[in-house]
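*Asks:* Given the sequences, and given the hints that come with them, work out the whole structure.
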Amino acid sequence: MKSTRDELLDKVRAALKRDVNSIMPGVPSTARISPRSTGDAEAERSLLFAEIEKLGGKTRRLTHSANLKDALQDLMRVEAIKKATLWQTTDLKELGIEEILTSIGVEIVSPYASNRVVAECDLGITGADYALPETGTLVLRSSIEKPRTVSLLPRVHLAIIRPNIPRADLHQVFDEVKRDGYFVFVTGPSRTADIELTLTIGVHGPQALHVWAI
Amino acid sequence: MSNIPTHIDFRSNVQHVPPHMPPAVRKATTKFLGNRADVVNQLGTDRWEMLRQAGHEIRLHAINHLDHYLTQLEEQVTRAGGQVHWARDATEARSIVLQIAREHHIKRVVKAKSMATEEIDLNHALQEAGIQALETDLGEYIVQLAGEMPSHIIVPAVHLTKEDIADLFHQKLGVDAAPEPTALTAIAHTKLREEFLSADMGVSGANFMVAETGTIVLVTNEGNGRMCSTLPPVHVAIAGIDKVVPDMASLTVLLKLLARSATGQKISTYTSFITGPRRVDGENGPQEFHLILLDNGRTRILQDESARETLLCIRCGACLNVCPVYNQVGGHAYGWVYSGPIGAILSPQLLGTSVAADLPFASSLCGACGDICPVKIPIPKILLHLRHRVVEGDAVEPATTSPIIQAGVQAGAMALGTPWLYQLGSQLLRLVEKPLQRGDWLPNLPPPANRWTMVRPFPAFNADFRTWWERRVGKPRTNKRLRNLALAVIAIEALLFVGWLLLRKRKR
Ligand code: SF4
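These protein sequences, in sequence, are chains Y and X.
This note's numbering puts the first residue of the first sequence at 1, with every later residue one more than the last.
This note's numbering puts the first residue of the second sequence at 1, with every later residue one more than the last.
Note that these hints are calculated values from the structure, not bench results.
Incorrect hints may appear among the rest.
Subject to a maximum C-alpha distance of 25 Å in a straight line, what follows is the list of computed PhoX-like cross-link-like pairs (lysine-lysine) [as the list claims (entries may be wrong)]: (1) X/K376 - X/K31; (2) Y/K58 - Y/K83; (3) Y/K69 - Y/K82; (4) X/K31 - Y/K54; (5) X/K376 - Y/K17; (6) Y/K82 - Y/K93; (7) Y/K93 - Y/K83; (8) X/K191 - X/K172; (9) X/K27 - Y/K54; (10) X/K191 - Y/K82; (11) Y/K93 - Y/K58; (12) Y/K83 - Y/K69; (13) X/K191 - Y/K83; (14) X/K31 - X/K162; (15) X/K162 - X/K27; (16) X/K172 - X/K107; (17) Y/K17 - X/K381; (18) X/K191 - X/K107.
To spell it out: a stretch of chain X is covered by chain Y in this simulated footprint if at least three of its residues, at any positions, have a beta carbon under 8 Å from a beta carbon of chain Y; those stretches are [said to hold, decoys possible]: (19) 17-31; (20) 135-143; (21) 161-167; (22) 179-188; (23) 219-227; (24) 247-258.
Label pairs and their computed distance ranges (CB to CB) [to be verified]: (25) Y/E7 - X/R279: 31 to 39 Å; (26) X/I187 - Y/A14: 46 to 54 Å; (27) X/C366 - Y/S110: 57 to 65 Å; (28) Y/G96 - X/P22: 56 to 64 Å; (29) Y/S34 - X/A37: 18 to 26 Å.
Just so you know, even glycine gets a beta-carbon here, dropped at the ideal spot from N, CA and C.
*Replies:* Have a look at this one:
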């Protein structure tokens, strides 16, 4: 007996008057859409931050990693942070985030704890692998060191990024990440307009997004 | 109770549109259209048109080579450790989900917004099997609590006021909240957060499926799509076979079109790219990933070259927003999950014209839908094609108008086309209408024609066209050819009118 799969594929082929050996023309090219004109690296970073701010995100440039402690202290005060969890990447480790947070009295929760425990954190700190300045988008990959829930469950999401992550357009990002099992584009804090079309920030995802460049 | 309709009576539904619905809907559509215009201008109209053309070509290419891309998609999803299922129709798709649920002893399901799952009425099937199925998109959650259908594809609960929602939360959730969007959102957040954490299965649709990599793409603003595909140990995605696109490069075009057309955002808040289950133990993400590829009438649409482009749709909702008919009646009148112009062409093809024959007529054919569609679906052309199918039948389906009415239309055409019959008929008509006539009007006609006179009087037939013309304008001084031409035009219009009238009054 023919499987549902084969039956459906046969139906599709019959409808299209094709068979298994029909030739496959190439995909219509997207190349004729002229690439967006990008500014220099500095302009791109400014654009990225401007777009994130437009969406209700908060951005900050730290000229030196020594300023990190002050910045974290500010954040802790403004967002009333008591518990935090973070990516286990070398980038974040080298910045000594965990040590700073502990020293200012924030409790550190392992990102490998259960979802329920991670969800109780006030703050989740991640990096970002790429960024798209045109839309204010951060691209986050997934791995053991980069648990997906850190940018999703805590109330506040802080992404600490390197200055070299902006990419001109989606093409450049997809070229790098398309073989990944999972990646996510994050553009501003979570939002809805489902009740009387009133924009409400903070639904299921984080209510606040902070992006800092060092 | 099933939400899959067996008959959609658009006109009767229209009678039941609550008066507050159209203004609420118009508020949403106006806002989205304004936002859309802004982002399109920012991008530049030329660039936008280039994107639309490319979007059209890419989608058409995918649909025209669907067998190839579906096979490739299946191969890639399987290679990534996911399981692919094929479903002929709603019943099969539901039983596949139930089977997966049974195998894992699933009790609680959280759902991200998905038209495909509404199309197969999955929630009822899960509930009947004793499984709780909760919508997690805020708007969908609200309409689910209210036991209603979405009124707009992007903002499903737009017809409810904040006071309605506060009442609803009070009744169904037992919580008192100020009728303020922020407070109400916070309540839903708390309720649903608990559900996300305790759910054992997440169900989603897919905005796109990428054949090249076996990736499904989920677009949401609230973050519920990420929750459903990240937290529960099992993730099931259900999508129509039409959702496949060739490669990631295609997405560089389609993602730009989607958010701009839908809400007027440059990009939605979250776009997840999911290829199979988590790759290694210890990584976040589901341990199991299932993809259900749903036909449910799509291969039949594929057969019909004149309507095939219906399948290009990326469900942005822009055609609803511009549609004058949709703006007057809202989503419920369309009787099913798909509303507006796309509903008017999609529902009759998925459900069959015998179920949704009204819908292709629920349009003024103004053309705005085709002009705004980001993938350039010729919606007006397809509407006409489907009207033709309803009345005369075609290779896909026979006519759904009753034989009596068809015979009536044919007789009418003959009478109007044969001068002596026409003359005779006009004399007879004047005799017949006499007892009903009040001045120049016929205020009450017998059934079934009374469906007209219930709403407005019918003008009395005073004379055939020639006599009428002579009385009004005097003996025609135009030459014979011109007069005949005018007559022919009027006759055709009258014919169309009679046909339309009969159709609307046809037996249900
Ligand atoms: S038919 Fe076009 S405009 Fe309408 S929802 Fe589909 S893609 Fe959008």
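*Asks:* Compare the structure with each hint and give your call.
*Replies:* Verification of the hints:
1. Restraint check for X/K376 and X/K31: satisfied, since their Cα atoms lie roughly 22 Å apart, inside the 25 Å limit.
2. With a C-alpha separation of about 20 Å, the suggested pairing of Y/K58 with Y/K83 holds against the 25 Å cut-off.
3. About 15 Å separates the Cα atoms of Y/K69 and Y/K82, which keeps this hinted pair within 25 Å; it holds.
4. With a C-alpha separation of about 18 Å, the suggested pairing of X/K31 with Y/K54 holds against the 25 Å cut-off.
5. At most 25 Å may separate the alpha-carbon atoms for a hinted pair to count; X/K376 and Y/K17 meet this at roughly 24 Å.
6. Taking the CA atoms of Y/K82 and Y/K93, the gap is near 20 Å; set against the 25 Å cutoff, the hint holds.
7. At most 25 Å may separate the alpha-carbon atoms for a hinted pair to count; Y/K93 and Y/K83 meet this at roughly 18 Å.
8. Between X/K191 and X/K172, the direct Cα distance comes to roughly 12 Å. Compliance with the 25 Å bound is thereby established for this hinted pair.
9. The straight-line distance between the Cα atoms of X/K27 and Y/K54 is roughly 23 Å, inside the 25 Å bound, and the hint therefore holds.
10. Straight-line distance between C-alpha atoms of X/K191 and Y/K82 comes to about 23 Å, which keeps the hinted pair within the 25 Å bound.
11. Of the supplied pair hints, the one linking Y/K93 and Y/K58 holds, its CA atoms being roughly 23 Å apart against a limit of 25 Å.
12. Between Y/K83 and Y/K69, the direct Cα distance comes to roughly 16 Å. Compliance with the 25 Å bound is thereby established for this hinted pair.
13. Taken as a hint, the X/K191 and Y/K83 pair is honoured in the structure, with Cα atoms around 22 Å apart against an allowance of 25 Å.
14. Restraint check for X/K31 and X/K162: satisfied, since their Cα atoms lie roughly 18 Å apart, inside the 25 Å limit.
15. Of the pairs offered as hints, the one joining X/K162 and X/K27 holds, with about 14 Å between alpha carbons and a cut-off of 25 Å not exceeded.
16. Pair hint X/K172 plus X/K107 holds up; C-alpha atoms about 21 Å apart against a cutoff of 25 Å.
17. Only pairs whose Cα atoms come within 25 Å are accepted, and Y/K17 paired with X/K381 is accepted, the gap being roughly 23 Å.
18. Proposed proximity of X/K191 and X/K107 is supported: the alpha carbons are some 17 Å apart, at most 25 Å.
19. Requiring three or more residues with a Cβ within less than 8 Å of a Cβ of chain Y, the coverage given for the stretch 17-31 of chain X holds, as 3 such residues are present.
20. Proximity of the stretch 135-143 of chain X to chain Y, defined as three or more residues with a beta carbon under 8 Å from a beta carbon of that chain, is established by the 5 residues found.
21. Closer than 8 Å: that is the beta-carbon criterion, and the stretch 161-167 of chain X has 3 residues meeting it against chain Y, so the requirement of 3 holds.
22. Only residues whose C-beta sits within less than 8 Å of a C-beta in chain Y count toward coverage, and the stretch 179-188 of chain X has 5 of them, enough to reach three; the restraint holds.
23. With a cut-off of 8 Å between beta carbons, the stretch 219-227 of chain X has 6 residues touching chain Y; three or more are needed, and the interface restraint holds.
24. For a cut-off of 8 Å, the count of residues in the stretch 247-258 of chain X with a CB near a CB of chain Y stands at 9, and the three-residue condition holds.
25. A beta carbon spacing of about 32 Å between Y/E7 and X/R279 agrees with the range 31 to 39 Å that was offered as a hint.
26. X/I187 and Y/A14 have their C-beta atoms about 52 Å apart, which keeps the hinted 46 to 54 Å range intact.
27. Between X/C366 and Y/S110 the beta carbons are some 59 Å apart, a value that agrees with the proposed interval 57 to 65 Å.
28. In this structure the supplied range 56 to 64 Å holds for Y/G96 paired with X/P22, their Cβ-Cβ distance being about 59 Å.
29. Separated by about 22 Å at the C-beta atoms, Y/S34 and X/A37 satisfy the suggested range of 18 to 26 Å.
The earlier numbered hints are all upheld by this structure, with none contradicted.
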